[in-house]
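Engineer: For the sequence shown, the tail end lands on 248 under our numbering, and the numbers increase by one without skipping.
Be aware that one or more of the hints could be misleading.
[Said to hold, decoys possible] Label-pair distances were calculated between CB atoms; the ranges are:
no., residue 1, residue 2, range
1, P144, A18, 39 to 49 Å
2, V141, Q206, 15 to 25 Å
3, E157, F61, 49 to 59 Å
4, R215, L21, 56 to 66 Å
5, P144, P17, 15 to 25 Å
[What the hints assert, rightly or not] With a straight-line Cα cutoff of 16 Å, these simulated EDC-like cross-link-like pairs (lysine to aspartate or glutamate) come out:
no., residue 1, residue 2
6, K115, E160
7, K115, E157
8, K115, E183
Honestly, the hints are just simulated from the structure, not real lab data. We treat Cβ as the ideally placed atom computed from N, Cα and C, and that holds for glycine.
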Amino acid sequence: MSAVTPLAAIFERADLWPLLLIAPACWLLLRLLEARRARARARFLGPRAALLSPGRAPGRTAVARLAFALALLLGLAALLHPSLGATAPASAWRGMDVVVALDVSRSMLARDAAPDRLTRAKDEIRALAAAAEGDRLGLVLFAGEARVRVPLTRDRASIAAIAEIAEPTDVLRGGTDLAAALVTAAGMVERGAEGHSAVVLLTDGEDHGARGQTLARQLRSRGIAVHVLGLGTSRGSRITLPAAEGGAETYLKDR
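Input sequences plus hints: build the corresponding full structure.
Structural biologist: Pasting the structure below:
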């Protein structure tokens, strides 16, 4: 373990310690200016300088000068963020960086997972955000392409709230490209990793690009764990499309 300097043990911003030298420098400057003014009065007024220009008593001047220097010193010390008396473990737990990749393709609207696959995935994200104390979470939305929806943050409530309003229209290209989701998520954790990193993939399992497993193995070799939560059943379901205003629900049809 590296030795901790005395200043680093007291101040979080010990790198700014030269600022503390401003206070004694100001005290010395004020003293020199006061002595210079006293000599100028003596030259101009001669022997009667004390009677014609009594000024302050020397003791009061010294006390005022010292009080100003101490106040300045305390103000500068506050800029260094004092942490005297604070204790921290030798190796504080820093948590994980977890990127949630949410499939928002239209197949996630199927209702073989009640009430539908996408809503069930949002429920899982909400539960993860509630349990991820100390971790940083990020959110990627994907279908035929992937986009970063929320960069890594410790604001878990925001992750859950933004995931809650995710819809298939949030991604322009349809389909399901697991590799695009994994590449985008991996880029996020590699740029800002703290400790361990992981990707949580929530999808109904179709991989039109057929590269998802290959990318998952590559990420594992780079120390990024990939966890997959599959939504839906092997039997499948028709894909329900939202009803237009005043109309009835319809089902997605191919050509």
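Engineer: Taking only the CA atoms, is the gap from K115 to E157 under or equal to 16 Å?
Structural biologist: Status holds; Cα separation ~6 Å.
Engineer: So does P144 sit 39 to 49 Å from A18, Cβ to Cβ?
Structural biologist: At roughly 44 Å between Cβ atoms, A18 and P144 fall inside 39 to 49 Å, so the hint holds.
Engineer: Using the C-beta atoms of P144 and P17, is the stated range 15 to 25 Å upheld?
Structural biologist: Distance hint for P144, P17 is violated at roughly 45 Å.
Engineer: Please verify whether K115 and E160 have alpha carbons no more than 16 Å apart.
Structural biologist: holds, 11 Å
Engineer: Is the Cα-Cα distance between K115 and E183 16 Å or less?
Structural biologist: violated, 25 Å
Engineer: 15 to 25 Å was suggested as the range; check whether the CB atoms of V141 and Q206 agree with it.
Structural biologist: Holds: the Cβ-Cβ distance is about 23 Å, inside 15 to 25 Å.
Engineer: Range first: 49 to 59 Å. Now tell me if the beta carbons of E157 and F61 are that far apart.
Structural biologist: holds, 56 Å
Engineer: Could you see if the CB distance from R215 to L21 stays within 56 to 66 Å?
Structural biologist: At 58 Å between Cβs, range holds.
Going down the numbered hints, you'll see the structure goes against 5, 8, while the others check out.
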